[in-house]
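Asks: Using the sequences and the accompanying hints, generate a full structural model.
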Amino acid sequence: MIDRFSRIVMTASVLLGLGVKSAAVAAPVPEAERIPVDLRRTTLVVRDIDKSIPLYRDALGMKVIYDQVIGGVTRLVLLRANDDFVGVLGLMQRLNLTEPTLPPTFHKAKPGEHILVFNLKDLDERFEKIRTTPNVTVSEPPKRIDYPGAGGSTIPVMFSAIWDADGNFIELNRIMGVPAGSSK
1 MIDRFSRIVM TASVLLGLGV KSAAVAAPVP EAERIPVDLR RTTLVVRDID
51 KSIPLYRDAL GMKVIYDQVI GGVTRLVLLR ANDDFVGVLG LMQRLNLTEP
101 TLPPTFHKAK PGEHILVFNL KDLDERFEKI RTTPNVTVSE PPKRIDYPGA
151 GGSTIPVMFS AIWDADGNFI ELNRIMGVPA GSSK
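The opening residue of the sequence shown carries number 1 in the numbering used here; numbering runs sequentially from there.
It should be emphasised that the hints constitute simulated quantities derived from the structure, not laboratory data. Any given hint could be a false lead.
Only pairs whose alpha carbons sit at most 27 Å apart, straight line, appear in this in silico BS3-like list of lysine-lysine [unchecked claim]:
no.: 1; residue 1: Lys143; residue 2: Lys129
no.: 2; residue 1: Lys51; residue 2: Lys110
no.: 3; residue 1: Lys51; residue 2: Lys121
no.: 4; residue 1: Lys121; residue 2: Lys63
no.: 5; residue 1: Lys129; residue 2: Lys63
no.: 6; residue 1: Lys51; residue 2: Lys63
no.: 7; residue 1: Lys51; residue 2: Lys129
no.: 8; residue 1: Lys110; residue 2: Lys143
no.: 9; residue 1: Lys108; residue 2: Lys121
no.: 10; residue 1: Lys108; residue 2: Lys143
no.: 11; residue 1: Lys121; residue 2: Lys143
no.: 12; residue 1: Lys129; residue 2: Lys108
Replies: Written out as structure tokens, the structure reads:
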């Protein structure tokens with residue numbers, strides 16, 4: 001009897017041999033192309049971590065890997081998706097602010113602002129949970145966009161966008177073709 005791993009390897013080999021392209025899978029670049037730099041984490045300064053966490057942990061499914069108050073003045077929560085070294089998201093709340101913070105604004109990102117981009121393999125199924133999460137504002141529900149690719153090709157992407165509790169603009173995408181920069 002063939003074990004599950006052997007069946008997967010044989011199936012993948014057959015598909016590759018037939019020239020069937022699989023869905024995009026994240027992987028480190030080849031060793032020869034590596035540089036001595038990794039983008040470890042993006043940290044968002046938020047008004048209230050407890051209003052932010054439901055989107056990232058509950059709706060997106062990220063795992064909390066750190067949640068501490070530092071020096072009595074800052075709370076830091078770190079969340080990961082599929083890697084605990086790169087692509088970590090930090091949420092930081094200053095606990096000792098003396099001046100009032102302005103309410104969030106919901107607008108497309110401008111110079112000096114950022115856009116978080118998540119790839120969700122299950123965007124179609126997950127979007128309703130995201131849409132109904134407290135403190136989430138939908139900019140655009142999922143729709144297909146064909147981005148221009150190399151050599152006149154296109155990169156089909158199911159695109160959607162939201163704002164989180166602090167007005168951070170977030171793209172929630174599902175790549176349906178070969179991502180930019182990937183070998184074919």
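Asks: The structure should be examined with respect to each hint, and the outcome stated for every one.
Replies: Right, here's what the structure says about each hint:
1. Lys143 / Lys129: holds (17 Å)
2. Lys51 / Lys110: holds (24 Å)
3. Lys51 / Lys121: holds (25 Å)
4. Lys121 / Lys63: Satisfied, since the Cα-Cα distance of roughly 17 Å is no more than 27 Å.
5. Lys129 / Lys63: holds (17 Å)
6. Lys51 / Lys63: Since the Cα atoms of Lys51 and Lys63 sit roughly 16 Å apart, the hinted pair holds (cutoff 27 Å).
7. Lys51 / Lys129: With a Cα-Cα distance of about 16 Å, the restraint between Lys51 and Lys129 holds, given a limit of 27 Å.
8. Lys110 / Lys143: holds (23 Å)
9. Lys108 / Lys121: holds (24 Å)
10. Lys108 / Lys143: holds (17 Å)
11. Lys121 / Lys143: holds (14 Å)
12. Lys129 / Lys108: Cα-Cα ~22 Å, so holds.
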